[in-house]
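K.L.:
Chain by chain, the residues:
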Amino acid sequence: GQNIDQPTEMTATEGAIVQINCTYQTSGFNGLFWYQQHAGEAPTFLSYNVLDGLEEKGRFSSFLSRSKGYSYLLLKELQMKDSASYLCAVSSNDYKLSFGAGTTVTVRA
Amino acid sequence: IAGITQAPTSQILAAGRRMTLRCTQDMRHNAMYWYRQDLGLGLRLIHYSNTAGTTGKGEVPDGYSVSRANTDDFPLTLASAVPSQTSVYFCASSDHAGGADTQYFGPGTRLTVL
Chain A
112 GQNIDQPTEM TATEGAIVQI NCTYQTSGFN GLFWYQQHAG EAPTFLSYNV LDGLEEKGRF
172 SSFLSRSKGY SYLLLKELQM KDSASYLCAV SSNDYKLSFG AGTTVTVRA
Chain E
3 IAGITQAPTS QILAAGRRMT LRCTQDMRHN AMYWYRQDLG LGLRLIHYSN TAGTTGKGEV
63 PDGYSVSRAN TDDFPLTLAS AVPSQTSVYF CASSDHAGGA DTQYFGPGTR LTVL
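Each protein sequence line maps, in turn, to chains A and E. When you number the first sequence by the numbering used here, it's gap-free, plus one each residue, and the end is 220. When you number the second sequence by the numbering used here, it's gap-free, plus one each residue, and the end is 116.
Source of the hints: derived by calculation from the structure; they are not laboratory data. All C-beta atoms, glycine included, are put in the ideal place defined by N, C-alpha and C. One or more of the hints may lead you astray.
Listed next, the in silico SDA-like pairs over lysine to any residue satisfying Cα-Cα at most 20 Å (straight line) [what the hints assert, rightly or not]: (1) K168/A / K59/E; (2) K187/A / T137/A; (3) K59/E / D205/A; (4) K59/E / F174/A; (5) K192/A / T217/A; (6) K59/E / T137/A; (7) K59/E / P118/A; (8) K168/A / Y183/A; (9) K179/A / Q147/A; (10) K59/E / G164/A; (11) K187/A / G164/A; (12) K187/A / Q147/A; (13) K192/A / A102/E; (14) K192/A / G151/A; (15) K168/A / Y106/E; (16) K59/E / S138/A; (17) K192/A / E120/A; (18) K59/E / Y206/A; (19) K168/A / D103/E; (20) K59/E / Q113/A; (21) K168/A / A102/E; (22) K59/E / P10/E; (23) K59/E / G139/A.
Quick list of simulated restraints, FRET-style, between CB atoms [stated by the list, open to error]: (24) G139/A / D40/E: 23 to 31 Å; (25) T122/A / N72/E: 43 to 51 Å; (26) E188/A / G42/E: 40 to 48 Å; (27) A81/E / K168/A: 37 to 45 Å; (28) T53/E / P118/A: 33 to 41 Å; (29) D40/E / T155/A: 31 to 39 Å; (30) N114/A / T53/E: 28 to 36 Å; (31) A150/A / P63/E: 42 to 50 Å; (32) R170/A / A81/E: 12 to 20 Å; (33) T217/A / P109/E: 46 to 54 Å; (34) Q130/A / G42/E: 18 to 26 Å; (35) S178/A / A17/E: 29 to 37 Å; (36) M29/E / G169/A: 23 to 31 Å.
Please model the complete structure; the sequences and the hints are all you need to start from.
P.N.:
Here you go:
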């Protein structure tokens, strides 16, 4: 099975940087996903890491360390529209996803 | 291209009633999934289908059934609804062709069982 932990809530100021950590224990690993979910909406894909290191996509970056069972999502130059829940999900060998409970990020002016 | 559609958007249901949540995708994805999302628990997999004609149980399958008669449709049925099945239900699909196999989600169905 999978055990995925991420903080429940984070608050940051517009224009700042926020880092959302995710730790996992897994019986099989085929990559780690980050999704964004605005209130009342569906999760949308942000990033995928399967090799160690940093993947950068504009203002968002995601990092993975497989040996430590650790990932983070870095949100730079925060905007009000970034207020959302961010879901960490681990893909097992059969491609099924196990999700963390999500981190609610609130961006304040 | 619509992607994934779900129906109904929301529903209030009396306990003991039968209910089918519909899910259709137009991306010709091989795999489809049903999740429920509850506050503080995140998304939990109910059932999945790796390809048309096959289904499998996820983490929380009890009280639910699915079928996959064709590539596009993956309905979820609650045979006799109970209040603990009050939740937001998301359908998702993925190509299942190896690599990242990113899942794409439908807009969700908010179900209340009274």
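K.L.:
Work down the list of hints and note, for each, if the structure agrees.
P.N.:
Against the structure, the hints come out as follows:
Simply put, K168/A and K59/E have alpha-carbon atoms about 35 Å apart, too far for the 20 Å limit, and the pair is violated. Taking the CA atoms of K187/A and T137/A, the gap is near 29 Å; set against the 20 Å cutoff, the hint is violated. Using a Cα cut-off of 20 Å, the hinted pair K59/E and D205/A holds, with the two alpha carbons roughly 13 Å apart. This hinted pair does not check out: K59/E and F174/A have alpha carbons roughly 31 Å apart, beyond 20 Å.
Under the criterion of a C-alpha separation no larger than 20 Å, the hint pairing K192/A with T217/A is consistent with the structure, at around 9 Å. For the hint pairing K59/E with T137/A, the CA-to-CA distance comes to about 19 Å; that is within 20 Å, so the pair holds. In summary, the hint linking K59/E to P118/A is not supported, as the alpha carbons are separated by about 29 Å, beyond the 20 Å threshold. A distance of roughly 14 Å separates the Cα atoms of K168/A and Y183/A; the hinted pair therefore holds under the 20 Å criterion.
The hinted pair formed by K179/A and Q147/A fails the criterion: a straight-line CA distance of about 24 Å is larger than 20 Å. For the suggested pair K59/E and G164/A, the alpha carbons sit about 33 Å apart, so the restraint of at most 20 Å is broken. Taking the CA atoms of K187/A and G164/A, the gap is near 18 Å; set against the 20 Å cutoff, the hint holds. Between K187/A and Q147/A, the direct Cα distance comes to roughly 15 Å. Compliance with the 20 Å bound is thereby established for this hinted pair.
This hinted pair does not check out: K192/A and A102/E have alpha carbons roughly 27 Å apart, beyond 20 Å. In summary, the hint linking K192/A to G151/A is supported, as the alpha carbons are separated by about 14 Å, within the 20 Å threshold. Taking the CA atoms of K168/A and Y106/E, the gap is about 19 Å. The hint holds against a cut of 20 Å. For the hint pairing K59/E with S138/A, the CA-to-CA distance comes to about 18 Å; that is within 20 Å, so the pair holds.
For a cut-off of 20 Å, the pair hint linking K192/A to E120/A stands: about 16 Å separates their Cα positions. Restraint check for K59/E and Y206/A: the C-alpha separation of about 14 Å stays at or below 20 Å, so the hint holds. A threshold of 20 Å between alpha carbons decides the hint, and for K168/A with D103/E the separation of about 18 Å falls inside it, so the pair holds. Distance hint between K59/E and Q113/A is fulfilled; the C-alpha atoms sit about 16 Å from each other, no more than 20 Å.
Annotation: proposed proximity of K168/A to A102/E holds, straight-line Cα distance about 16 Å (limit 20 Å). For a cut-off of 20 Å, the pair hint linking K59/E to P10/E is broken: about 23 Å separates their Cα positions. Taking the CA atoms of K59/E and G139/A, the gap is about 18 Å. The hint holds against a cut of 20 Å. Taking the beta carbon of each, G139/A and D40/E are about 25 Å apart, inside 23 to 31 Å as hinted.
Taken as a hint, the range 43 to 51 Å holds for the pair T122/A and N72/E, whose Cβ atoms sit roughly 46 Å apart. Distance hint for E188/A and G42/E: a CB-CB separation of about 30 Å, inconsistent with the stated range 40 to 48 Å. Our hint of 37 to 45 Å for A81/E and K168/A holds, since their Cβ atoms are close to 43 Å apart. Between T53/E and P118/A the CB atoms are about 37 Å apart, so this pair conforms to the stated range of 33 to 41 Å.
Between D40/E and T155/A the beta carbons are some 20 Å apart, a value that contradicts the proposed interval 31 to 39 Å. In this structure, N114/A and T53/E meet the distance hint of 28 to 36 Å, their C-beta atoms being roughly 29 Å apart. For A150/A and P63/E, the hinted distance range of 42 to 50 Å is not satisfied, since their beta carbons lie about 28 Å from each other. One distance hint, 12 to 20 Å for the beta-carbon pair R170/A and A81/E, is violated here, with the actual separation near 46 Å.
For T217/A and P109/E, the Cβ-Cβ distance of about 23 Å falls outside the hinted range of 46 to 54 Å, so the restraint is violated. In this structure, Q130/A and G42/E meet the distance hint of 18 to 26 Å, their C-beta atoms being roughly 22 Å apart. Here the CB-CB span from S178/A to A17/E is close to 49 Å, at odds with the stated 29 to 37 Å. A C-beta distance of roughly 24 Å is found between M29/E and G169/A, which places it inside the suggested range of 23 to 31 Å.
In terms of the numbered hints stated before, the structure departs from hints 1, 2, 4, 7, 9, 10, 13, 22, 26, 29, 31, 32, 33 and 35, listed from lowest to highest.
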